[in-house]
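There are 2 protein chains.
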Amino acid sequence: MSVERWGVFEWSQRVEPIGNPFTDVRVHGIFSMGNKSDTVPGFYDGDGIFRIRYMPGTPGLWTFRTMSIVPALHGSSGRFNCTAPSAANHGMVKVDPPYRFKYEDGKPYHPFGTTLYSWTHQGDSLEHVTLQTLSRTPFNKVRMCIFPKRYDWCENEPVFYPYLRKPSPAGTFAWDYTRFDPAFFRHLEQRIIELGRMGMEADLILFHPYDKGHWGFDRMDHAANIAYLRYVMARLSAFRNVWWSVANEFDLVKTKQLWEWDSYVDLLHAEDPYGHPLSVHHSMEYYDVRRPGITHASIQNGSLVEDFGRAGTLRDVYNKPVIYDEVGYEGNTPRRWGNLSAEELVHHHWQGILAGTYVTHGETYLDPKDVIWWARGGVLKGRSPQRIGFLRRMIDSTGGFDYIDKWRNDHISMTSDQRHILIYFGRERPASWKFVLPAKTGLPDGTRFRAELIDTWEMKRTTLNARFTLRKTGPYTIEDAQGARIPLSVKPYQAILLTRVD
Amino acid sequence: MSVERWGVFEWSQRVEPIGNPFTDVRVHGIFSMGNKSDTVPGFYDGDGIFRIRYMPGTPGLWTFRTMSIVPALHGSSGRFNCTAPSAANHGMVKVDPPYRFKYEDGKPYHPFGTTLYSWTHQGDSLEHVTLQTLSRTPFNKVRMCIFPKRYDWCENEPVFYPYLRKPSPAGTFAWDYTRFDPAFFRHLEQRIIELGRMGMEADLILFHPYDKGHWGFDRMDHAANIAYLRYVMARLSAFRNVWWSVANEFDLVKTKQLWEWDSYVDLLHAEDPYGHPLSVHHSMEYYDVRRPGITHASIQNGSLVEDFGRAGTLRDVYNKPVIYDEVGYEGNTPRRWGNLSAEELVHHHWQGILAGTYVTHGETYLDPKDVIWWARGGVLKGRSPQRIGFLRRMIDSTGGFDYIDKWRNDHISMTSDQRHILIYFGRERPASWKFVLPAKTGLPDGTRFRAELIDTWEMKRTTLNARFTLRKTGPYTIEDAQGARIPLSVKPYQAILLTRVD
Chain U
98 MSVERWGVFE WSQRVEPIGN PFTDVRVHGI FSMGNKSDTV PGFYDGDGIF
148 RIRYMPGTPG LWTFRTMSIV PALHGSSGRF NCTAPSAANH GMVKVDPPYR
198 FKYEDGKPYH PFGTTLYSWT HQGDSLEHVT LQTLSRTPFN KVRMCIFPKR
248 YDWCENEPVF YPYLRKPSPA GTFAWDYTRF DPAFFRHLEQ RIIELGRMGM
298 EADLILFHPY DKGHWGFDRM DHAANIAYLR YVMARLSAFR NVWWSVANEF
348 DLVKTKQLWE WDSYVDLLHA EDPYGHPLSV HHSMEYYDVR RPGITHASIQ
398 NGSLVEDFGR AGTLRDVYNK PVIYDEVGYE GNTPRRWGNL SAEELVHHHW
448 QGILAGTYVT HGETYLDPKD VIWWARGGVL KGRSPQRIGF LRRMIDSTGG
498 FDYIDKWRND HISMTSDQRH ILIYFGRERP ASWKFVLPAK TGLPDGTRFR
548 AELIDTWEMK RTTLNARFTL RKTGPYTIED AQGARIPLSV KPYQAILLTR
598 VD
Chain V
98 MSVERWGVFE WSQRVEPIGN PFTDVRVHGI FSMGNKSDTV PGFYDGDGIF
148 RIRYMPGTPG LWTFRTMSIV PALHGSSGRF NCTAPSAANH GMVKVDPPYR
198 FKYEDGKPYH PFGTTLYSWT HQGDSLEHVT LQTLSRTPFN KVRMCIFPKR
248 YDWCENEPVF YPYLRKPSPA GTFAWDYTRF DPAFFRHLEQ RIIELGRMGM
298 EADLILFHPY DKGHWGFDRM DHAANIAYLR YVMARLSAFR NVWWSVANEF
348 DLVKTKQLWE WDSYVDLLHA EDPYGHPLSV HHSMEYYDVR RPGITHASIQ
398 NGSLVEDFGR AGTLRDVYNK PVIYDEVGYE GNTPRRWGNL SAEELVHHHW
448 QGILAGTYVT HGETYLDPKD VIWWARGGVL KGRSPQRIGF LRRMIDSTGG
498 FDYIDKWRND HISMTSDQRH ILIYFGRERP ASWKFVLPAK TGLPDGTRFR
548 AELIDTWEMK RTTLNARFTL RKTGPYTIED AQGARIPLSV KPYQAILLTR
598 VD
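First to last, the protein sequences are chains U and V.
Numbering of the first sequence is given in our numbering, commencing with residue 98 and proceeding in unit increments.
Numbering of the second sequence is given in our numbering, commencing with residue 98 and proceeding in unit increments.
These are calculated hints, taken from the structure and not from any lab test.
It cannot be assumed that every hint is accurate.
Said to hold, decoys possible - Pulled a few chain V residues facing chain U out of the computed Cβ check, cut under 10 Å:
#: 1; residue: PRO279
#: 2; residue: GLN397
#: 3; residue: ASP413
#: 4; residue: TYR573
Claimed, not checked - Straight-line Cα separation of at most 30 Å, BS3-like style, residue types lysine-lysine; simulated pairs:
#: 5; chain 1: V; residue 1: LYS466; chain 2: V; residue 2: LYS309
#: 6; chain 1: U; residue 1: LYS309; chain 2: V; residue 2: LYS569
#: 7; chain 1: U; residue 1: LYS478; chain 2: U; residue 2: LYS557
#: 8; chain 1: U; residue 1: LYS351; chain 2: V; residue 2: LYS569
#: 9; chain 1: U; residue 1: LYS309; chain 2: V; residue 2: LYS503
#: 10; chain 1: V; residue 1: LYS588; chain 2: U; residue 2: LYS588
#: 11; chain 1: U; residue 1: LYS537; chain 2: V; residue 2: LYS353
#: 12; chain 1: V; residue 1: LYS309; chain 2: U; residue 2: LYS503
#: 13; chain 1: V; residue 1: LYS309; chain 2: U; residue 2: LYS353
#: 14; chain 1: U; residue 1: LYS417; chain 2: V; residue 2: LYS503
#: 15; chain 1: U; residue 1: LYS503; chain 2: V; residue 2: LYS417
#: 16; chain 1: V; residue 1: LYS309; chain 2: U; residue 2: LYS537
#: 17; chain 1: U; residue 1: LYS417; chain 2: V; residue 2: LYS351
#: 18; chain 1: U; residue 1: LYS417; chain 2: V; residue 2: LYS569
Stated by the list, open to error - Distance ranges between label pairs, derived from CB positions:
#: 19; chain 1: U; residue 1: HIS125; chain 2: V; residue 2: GLU357; range: 52 to 58 Å
#: 20; chain 1: V; residue 1: PRO195; chain 2: U; residue 2: ALA367; range: 25 to 31 Å
#: 21; chain 1: U; residue 1: GLN579; chain 2: V; residue 2: ASP385; range: 44 to 50 Å
#: 22; chain 1: V; residue 1: LEU355; chain 2: U; residue 2: ALA367; range: 23 to 29 Å
Built from N, CA and C at the ideal position, the CB exists for glycine as well.
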């Protein structure tokens, strides 16, 4: 038997159920190769079946055995060969310190996500449309809730519920928070796998406030929350494209206190065997991103990507990657968070990129059937996704940019290999740009560049014939030796990309 | 005997010196009243004299006794009456959570500081001029180094040195880091007391990089640094106007590692008996302001106060007060940090205030004798101090402002008592302002305001006769019921102050 590196090995066994198999039975798998050994929990999948999933991170021959106080689950053993990953499998996304991400095989990962909070609760028909749509987008991360969401324009009941019901008298109703519904999780897993096939990370939102007691998943007690997180980890953490977003808008969940959020962060940090990306998304109050285990900042704030010199501040403070997961959405709702123009949302993406951070897409065009992308999926109506794709292609081919000078000149950015310099003009409409760079660029006199004019809205790149040669002209400036000035179209959202000529 | 509340009680005793009295002898005072008891360290002040200083925080009859392994210092006891503070004595400055400061008697403290890094190392003649100048300024905090500073335009030797010399062969030289020079500290204390008389806090910079081995105070070993901090605490912490700034530009001190800074923060936090304000000032790397003991952020960054919507971010992240202690200085040096116009520095102050943060003044006009305010003191040449005074008077009379809406509309701020709303236009030059406030203002329909036009540069306040009555007009807007529009002078740096009319 063989499993590719960063693939999923699964062991399963059917036994006679004892008591409540979700709570009364535990089984662990011990996976070993040479002096490496991982112990991972299994989970109950209904119908008497227990499963253990493991994602091997090292090629070679692995052995395993199981451990349980239930004799029928104890002492099972075997081996499998971990083979080289297939071409599209790069492993998990990890932080590339301090501010970037990369896959485990070293390939850089620049998150260009979209928001689909409740797309897996819409039934196969719409979910297949959503997958079709996703396959034609530039996105490589999806923010999605595990629990169903009830909110404006998203008030339908889900197809599956995460828990079984307690036996209750007619006319009454209660969830049994000690018994998960395996069908719910099998469905979710299927969607995670489908995203993975398209190269998309599943940024799983574990708790959110969009319930307000309708189902009550926002007000389970602490023990139920812990049991839920452990079940989710046991089932899902072997999928390499999983991220943990402990909450959406944690500070709007009025039924939980800060110590609870902290304990969930600590639990995921301590017990996730693989160290998936881990964040807590907020509304007005910032979660403490410096807390150990938090891999990156997941920020809600529109103001910080509106103009130059803002987006990098949080990253410098946190010393971790920053994703502006909510900056407002392209759409036409009466809510201000849901009526950005496509131009604005694309501009926000460029502002984020300029600052060495990332911005997440969302779309909220009203729909006669209330099928709004941001909550339920379906088709995209907006004009930002293809522009975000244009930006993503530029980033994938150059590497990520970062401010050259955090104090000033903050519309000029450079790649870490110093091969590319980006000058972005945002809403300004200059007629030309005098070739002056911050001295902190650190490039020696004589370094030569070519230039492309970039129309970020029209998605056009125009290469200029001219060559530019650097010369330090003052304590803070490096200029083209000929004093060149590059003419620009007098309209907003223009940029210049400089590329080293060797 | 009596001491006013938050004044300094001092006990002293002369004994025959034993060994090195700085290191070999320790004496503590135990100060008690009712069930309150504080144990504070004494210090050696030369000439056989040991002193213990104590700042009583509670009125009433205090008793004390001393403890030492040296019999002559042990078991001394006495009592003193702690009386009501004099009119100008408001106690120490403490954090008023989350973002403000207040004195211990409850009076709000809004820091309007200035920078005088090396003013106490210039000799009495210039130091007296500096004190004279200070007495005519609006400043209420002075950033100042304990150790002398050697840097451009400040290369003179100080009058006093903090350490005695080791006996060394002729032609060689070494400081004895186990023996402080009491004369140095007596002089420093005198200056701290004089600042206190003028109502100014002494923001004492304990370490800095402007030495580079010239004296070597930037490269003492860890044990010497700890001994220095303990000596400084024993001598100075009983002065109520002392603040601890562990470093200026900590990340530019190449001779210390992060764990050392952390340990100095922890030491001051653990051993300062009074909990004076405690911060670490930085250059490009941010210190972790969330660390316990750090009372507020002391930030160096010009970009964050240049435009709307920037300055509040750090405060929201840290959940502690933020002082932009270095945003560039008014002056004409060739360094960009030292050539802000007065208009720019005043604008930076308003940007800070608008965001519920504070900005510190500094002045760097070149001088034929290199007497530059920022380093050495002397007289002020600039035009920003009186405008900062104008702002301070407005803040002292209204209370501090804060953004109403962190996401947008970020040039509109309100006091916490909701009595005053500030609209600041910065570099924009609008001809009028339509009376529209963010709905987050939260004021009910019918609330009435009057308005003043404020010319922040000309320091003029013009009260309008009109009255304005609020009416909620949408999910995000409250407007004047008559749709009023207030005409403005078409020039930069204008503001409108709205005041409730009851």
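Going down the list of hints, with the structure as the test:
{"no.": "1", "hint": "PRO279", "result": "violated (41 Å)"}
{"no.": "2", "hint": "GLN397", "result": "holds (9 Å)"}
{"no.": "3", "hint": "ASP413", "result": "holds (6 Å)"}
{"no.": "4", "hint": "TYR573", "result": "holds (6 Å)"}
{"no.": "5", "hint": "V:LYS466 - V:LYS309", "result": "holds (23 Å)"}
{"no.": "6", "hint": "U:LYS309 - V:LYS569", "result": "holds (27 Å)"}
{"no.": "7", "hint": "U:LYS478 - U:LYS557", "result": "holds (22 Å)"}
{"no.": "8", "hint": "U:LYS351 - V:LYS569", "result": "holds (27 Å)"}
{"no.": "9", "hint": "U:LYS309 - V:LYS503", "result": "holds (25 Å)"}
{"no.": "10", "hint": "V:LYS588 - U:LYS588", "result": "holds (26 Å)"}
{"no.": "11", "hint": "U:LYS537 - V:LYS353", "result": "holds (24 Å)"}
{"no.": "12", "hint": "V:LYS309 - U:LYS503", "result": "holds (25 Å)"}
{"no.": "13", "hint": "V:LYS309 - U:LYS353", "result": "violated (51 Å)"}
{"no.": "14", "hint": "U:LYS417 - V:LYS503", "result": "holds (23 Å)"}
{"no.": "15", "hint": "U:LYS503 - V:LYS417", "result": "holds (23 Å)"}
{"no.": "16", "hint": "V:LYS309 - U:LYS537", "result": "holds (23 Å)"}
{"no.": "17", "hint": "U:LYS417 - V:LYS351", "result": "holds (23 Å)"}
{"no.": "18", "hint": "U:LYS417 - V:LYS569", "result": "violated (41 Å)"}
{"no.": "19", "hint": "U:HIS125 - V:GLU357: 52 to 58 Å", "result": "violated (43 Å)"}
{"no.": "20", "hint": "V:PRO195 - U:ALA367: 25 to 31 Å", "result": "holds (30 Å)"}
{"no.": "21", "hint": "U:GLN579 - V:ASP385: 44 to 50 Å", "result": "holds (46 Å)"}
{"no.": "22", "hint": "V:LEU355 - U:ALA367: 23 to 29 Å", "result": "holds (25 Å)"}
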